[in-house]
Amino acid sequence: MSINFMEALKNILTISNILLAAGGTFMGIIFGALPGFTAAMGVAVLLPVTFGMPPASGLILLGALFGGAMYGGAISAILVNTPGTPSAAATTLDGHPMAAKGEAGKALREAVFASFLGGIFGVTVLLLFAPPLARISLMFGPPEYFLLAIFGLTIIASISEKSLIKGLLAGLLGLLISTIGMDPLLGTPRFTMGVVNLTDGVKLVPAMIGLFSIPETLNMISSYFNDDSVNLVNMKEFRKIKIGFPSLSHIKRHALIYIKSSMIGTYVGMLPGAGGSIASFMAYNEARRSSKHPEKFGTGISEGVAAAESANNAMASGALIPMLTLGVPGDSVAAIIMGGLMVHGLEPGAQLFARNGDIAYTFILALYLANIMMLLCGTYLAPYFTIATNTPKHILSVCVMMLTVIGSYALRGNIFDVYVMITFGFIGYILKCHGFSVIPIVLGIILGPIAEKGLNGTLLISRGENLLLFLLSRPISLILITLTLVSVGVPLYRTITGKGKKVAESTE
Amino acid sequence: MLDRKIALISVGFFAAFYAATFRYPPETVSFPRFLLWIFLVLSVILFIFPKKHPDYSFKAILPKEKVTAALLLIGYTVIFPKLGFFVTTFCFSIIYMWAFNKKDLKKYVMIAAVYILIVYFVFQKWLYVWFPEGLLM
Numbered sequence: 001m002s003i004n005f006m007e008a009l010k011n012i013l014t015i016s017n018i019l020l021a022a023g024g025t026f027m028g029i030i031f032g033a034l035p036g037f038t039a040a041m042g043v044a045v046l047l048p049v050t051f052g053m054p055p056a057s058g059l060i061l062l063g064a065l066f067g068g069a070m071y072g073g074a075i076s077a078i079l080v081n082t083p084g085t086p087s088a089a090a091t092t093l094d095g096h097p098m099a100a101k102g103e104a105g106k107a108l109r110e111a112v113f114a115s116f117l118g119g120i121f122g123v124t125v126l127l128l129f130a131p132p133l134a135r136i137s138l139m140f141g142p143p144e145y146f147l148l149a150i151f152g153l154t155i156i157a158s159i160s161e162k163s164l165i166k167g168l169l170a171g172l173l174g175l176l177i178s179t180i181g182m183d184p185l186l187g188t189p190r191f192t193m194g195v196v197n198l199t200d201g202v203k204l205v206p207a208m209i210g211l212f213s214i215p216e217t218l219n220m221i222s223s224y225f226n227d228d229s230v231n232l233v234n235m236k237e238f239r240k241i242k243i244g245f246p247s248l249s250h251i252k253r254h255a256l257i258y259i260k261s262s263m264i265g266t267y268v269g270m271l272p273g274a275g276g277s278i279a280s281f282m283a284y285n286e287a288r289r290s291s292k293h294p295e296k297f298g299t300g301i302s303e304g305v306a307a308a309e310s311a312n313n314a315m316a317s318g319a320l321i322p323m324l325t326l327g328v329p330g331d332s333v334a335a336i337i338m339g340g341l342m343v344h345g346l347e348p349g350a351q352l353f354a355r356n357g358d359i360a361y362t363f364i365l366a367l368y369l370a371n372i373m374m375l376l377c378g379t380y381l382a383p384y385f386t387i388a389t390n391t392p393k394h395i396l397s398v399c400v401m402m403l404t405v406i407g408s409y410a411l412r413g414n415i416f417d418v419y420v421m422i423t424f425g426f427i428g429y430i431l432k433c434h435g436f437s438v439i440p441i442v443l444g445i446i447l448g449p450i451a452e453k454g455l456n457g458t459l460l461i462s463r464g465e466n467l468l469l470f471l472l473s474r475p476i477s478l479i480l481i482t483l484t485l486v487s488v489g490v491p492l493y494r495t496i497t498g499k500g501k502k503v504a505e506s507t508e
Numbered sequence: 509m510l511d512r513k514i515a516l517i518s519v520g521f522f523a524a525f526y527a528a529t530f531r532y533p534p535e536t537v538s539f540p541r542f543l544l545w546i547f548l549v550l551s552v553i554l555f556i557f558p559k560k561h562p563d564y565s566f567k568a569i570l571p572k573e574k575v576t577a578a579l580l581l582i583g584y585t586v587i588f589p590k591l592g593f594f595v596t597t598f599c600f601s602i603i604y605m606w607a608f609n610k611k612d613l614k615k616y617v618m619i620a621a622v623y624i625l626i627v628y629f630v631f632q633k634w635l636y637v638w639f640p641e642g643l644l645m
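Chains A and B supply the protein sequences, listed in that same order. If you're matching positions, the first sequence starts at 1 in the numbering used here and goes up one per residue. If you're matching positions, the second sequence starts at 509 in the numbering used here and goes up one per residue.
Check the hints yourself; a few may be wrong.
[Stated by the list, open to error] Using 30 Å as the maximum straight-line C-alpha spacing, the simulated DSSO-like pairs for lysine-lysine come out as follows:
hint	chain 1	residue 1	chain 2	residue 2
1	B	Lys614	A	Lys432
2	A	Lys252	A	Lys292
3	B	Lys590	B	Lys559
4	B	Lys572	A	Lys432
[Claimed, not checked] Derived DEER-like restraints, expressed as beta-carbon distance ranges:
hint	chain 1	residue 1	chain 2	residue 2	range
5	B	Val552	A	Pro449	26 to 34 Å
6	B	Phe566	A	Asn466	23 to 31 Å
7	B	Leu613	A	Ser290	38 to 46 Å
8	B	Trp545	A	Leu492	14 to 22 Å
9	A	Val196	B	Cys599	26 to 34 Å
10	A	Leu492	B	Ala527	46 to 54 Å
11	A	Asn414	B	Leu579	33 to 41 Å
12	B	Tyr526	A	Asn414	26 to 34 Å
13	B	Gly520	A	Ala100	35 to 43 Å
14	B	Leu510	A	Thr482	32 to 40 Å
[What the hints assert, rightly or not] Computed, partial: chain B to chain A, Cβ under 8 Å:
hint	residue
15	Leu510
16	Ser518
17	Gly520
18	Phe530
19	Pro533
20	Val537
21	Lys559
22	Ile569
23	Pro571
24	Asn609
25	Val627
26	Leu635
Don't read these hints as lab results, they were simulated from the structure. Backbone N, C-alpha and C fix where the C-beta goes; we use that ideal spot for every residue, glycine too.
If we strip away everything but chain B, and leave its shape as in the complex, we get (with noise of 0.2 Å):
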């Protein structure tokens, strides 16, 4: 049962927390623990009251678009820094709605180049917020 698993994680999590706190002074950690023996306590009701999930799928949780979305968020956050923020945003947005529509490049280009016009001036020029330029822009 779901709700059962998702209790053994939170005892999971519980017991590397509470290992964790052996690292530092007691008296600093005696909040966090106080917190940690709630948690127990919570996961192990949880355990035993379980509430039935008919429609749970782990396939419906993680379908391909969420992950080919998440990836190339994650993909974008690695890259800029490195090459430039501008650049960057630029090419992941085309690529990001190329990937979800392969209709209309030409409007993703429009769409691309006035996101980062308005980003530039809004946080550049009016905020005063300045983005990593790395090895393009």
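Looking at chain A on its own, in the form it has when it is part of the complex (with noise of 0.2 Å):
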């Protein structure tokens, strides 16, 4: 691990990557403050700009975007009352009022410190966990990938939908577009309806594209028409604000929220499919309930802006725990990362680190970075921000528009990539406007392989044996197979019985 840690840190310290650091930091943060900008959004468009560099400087800008992005959605929430992303919808409930009083410059401030000091601390937990949940991943054998396949699928579509069945339909269907090209077991075509750019399957980033980019990009269009100019800002009157850092006496008072919010933020994200909107909630309910003053949450204290955007940072690096161990991304833009890492023919989980230990500890360096970057950004150029929001929607919706079709072009050259692109996003508009998410769609299509793999390889090695009783042998696959149960279980037990709390608001 020294050795790869050393490595890891020469890689960082180059200017090159410092800058990568700083450019992915600020357009990530510019990304995040546009409402209607999602970070997967912003992330997946990206991509395609890391195919040509070395992997290690590919995923510093990755990481570095999506930890701006995380925080850019705080300061519309605070300054506009309209979060940029939906992470940053909890942040709106303190940050605005906070604004309204006269106090934009102290909301900014704990926004900008609050996420710091979460992301910081998600990292470290990535960091110290996920080399040795790698290794635990040593012990899979093709029936415990077989089930991590299902119970990444099943929580994902619980979790972050407002309907269990139709985000269950919406992973099948990303499964059964995985099936598609070349069978793993014979090397047979299937369902490539004579196209022979199918034979090696739906190519995971174009589509990942499409389903993040195209239905964001119509929305976009729409808003134009109906409320551009709710998001009109006042330059003039954001220029006066003054940032700066918090006193040491005002970091002992919040010091509570922080580590707790921090810590929630880390577990949600590390439960695939939660996303940032679920940690901020928690987070900041927790801290509302644990408060001696519950009844000024609401009305602009800085206790809720800290526990809500603490949270959604600490969450993006919880979220790439399960991504970079098991292969399991945590959210959306984790498994836009992921498909970063495999077009640069590196393989998450436990191979990560034994063979490419030097880019994975890159990667979570440059995360430390990217927060270092975030703080001095946010303190210094948080309201100069808010100026992205004035662009017209109609000229943002263009250059996104045609950065997604060089994206998909861009990764081999081939035209047919642009029109999964677009097929895919229409599906996924169309599908989203239904109901269904599209984060199970593409968590279906990179498990699938996994899946099928794995499927294969418990027939071959359970000989004849009762499939189940053959599962429920091995104490791993026990305990996926529960874990799978009550992530099914339990939010149909609730949709029966009515119980369940609404978990409206989607992860992506």
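Take the two lone chains, each set in its own frame, and fit them into one complex as the hints suggest.
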């Protein structure tokens, strides 16, 4: 580990990579600050920029984008009462009332500092726990991988959606899409409809770019006609805002909130599909519950901003833990970053730390660097990022649309990938309009080959034994089966009995 | 009810996909078939227990501006491999912005030109991604 760690330190401390981290954070904050742009969309459209870079540099850029976008959402949440990303929705509850009371600088200071601490906490957990967890994955055989894929899908479908059934259907659709192309057992092309380009299967990156970007771009055009004036900001007023750093006594007073919210955020991030909005609302509710003056929450107090922001930035790193160690992404952005890893020929899981430890550690260290950049950008430039919200949506929309086309084409220089991107974009849009989430589809495409290989392997090693009994006889499989049943059973029970709380916030 | 229609479409999807599996050796389609049966069960559950969507309307899903944006995008991707990436992209971005707001044509030309330059330097010069040249450029 120490050799890899030192190598990673050397990688990260090059001028070009520091600049990449700074640029990535800056771009991420802009994406985050723009209402209608999600972190997933930002990372998806800029993913192709990393194709021509060395893997470590590409991952540095993606990590910095992710961290920046998670914080950027808070800026517009506080200043214009419109969360830039769904994760920042909880920040508006106290952030905007603070700004309305003339404490915009204080709210922005709290947001950036809490985001920084949450981010650092999450990355530290990632650094400490990812390598040992990756080693645990070495104990996994085909049955465990098959069940892990199924568990990943069921939990993402059950947590992130309004409808469990639709979430599961979307996941299955993704799994079915993953079966297009060469079958892993005999090498026979399946479901290609005679299209030669599909023999290799549906390429993940164009599909992801389409699913995450096209629906948002189309919605952006609609919002241009419906509510564009709402987000216009007065820059003269915002330029006067002073942010600075919090005092030591302030940090001491809020220490418990920072720690608790960061822990909640990291934990929620590790659950596939839970996402930033759930993390920040959970942390916000916990801060209010344990506060001596819960009635003040929602009226504009810094504790509310601190809880929401520490949690959503800690979530960002938490979501990377299952992705880097088991190959199961914790949220949509982690799924896209995983796509980026695969494009560079890197395989998430134990092998990543064993074979490409220097790159894995470079990525983790880059997240530290991104958090430092975010603290600096947020402290000195936060109000200026709101300029981006003044850009007319039809101009933003065409820029994003062209980036999606360029990005899909850049993958292999093949126009077919552009058609795949557009097809998935329109499918994603129609499905979203009918109450489906696109995240389970992406997860399905990623986990499909793992599940199929796992199932084939299980059938081989079970040698005709009863499959269920064979799976139940293996301890890790038993745990995974139990977790899968709980992840489906609990929301199903809640739906039937009507006891469930509505988790309406989408994680996208 | 909307969910019932979705369930019926899902059953149709199941039938079409399942029928397609008969074209391949059974051992290569065992996994897709396993998935399809679960898909069918879930579709039936959705049909039996639908949720209400009071605010659903087909017009809201496909308003004029979204259809325009989608058609422009499709047209652009069909044309650019034939005519060349840079010329088509330049024209597409101006037409796209103009289609939604017919005010600042000069501004749109400037934005399109700057965008093309950035794409050219970042992708072609820095990352060595080559775009189709087509008939024009």
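Point to revise | Hint consistency between Lys590 (chain B) and Lys559 (chain B) [alpha-carbon to alpha-carbon, up to 30 Å] | key: violated (47 Å)
Review point. Is the hinted pair Lys614 (chain B) and Lys432 (chain A) satisfied, with a Cα-Cα distance of at most 30 Å?
Key: violated (36 Å)
Check your understanding: Given the hint that Lys572 (chain B) pairs with Lys432 (chain A), does the C-alpha gap stay at or below 30 Å?
Key -> holds (18 Å)
Check your understanding: Has the hinted range 46 to 54 Å been met by the Cβ atoms of Leu492 (chain A) and Ala527 (chain B)?
Key -> violated (31 Å)
Review point. Should the hint that Lys559 (chain B) touches chain A count as held when the rule is a Cβ pair under 8 Å?
Key: Given a least distance of 6 Å, the restraint on Lys559 (chain B) holds.
Check your understanding: Within a Cα-Cα threshold of 30 Å, do Lys252 (chain A) and Lys292 (chain A) meet the stated pairing?
Key -> holds (16 Å)
Point to revise | Interface restraint verdict for Leu635 (chain B) against chain A (beta-carbon cut-off 8 Å) | key: Hint on Leu635 (chain B): holds, closest Cβ of chain A at ~3 Å, below 8 Å.
Point to revise | C-beta pair Val552 (chain B), Pro449 (chain A): status relative to the range 26 to 34 Å that was hinted | key: holds (28 Å)
Exercise for review: Take the C-beta atom of Trp545 (chain B) and the C-beta atom of Leu492 (chain A), compute their distance, and say whether it sits inside 14 to 22 Å.
Suggested key: holds (19 Å)
Point to revise | Interface hint status, Ser518 (chain B) versus chain A (Cβ within 8 Å) | key: For Ser518 (chain B), the interface hint holds, since the closest Cβ of chain A sits about 6 Å away, which is under 8 Å.
Exercise for review: Against chain A, run the beta carbon of Leu510 (chain B) and see if the smallest gap drops under 8 Å.
Suggested key: holds (7 Å)
Exercise for review: Let me know if the C-beta of Ile569 (chain B) comes in closer than 8 Å to any C-beta of chain A, holds or violated.
Suggested key: At 4 Å from the nearest chain A Cβ, Ile569 (chain B) passes the 8 Å test, so the hint holds.
Violated hints, in rising order: 1, 3, 6, 7, 10, 11, 13, 17, 18; the structure is consistent with all others.
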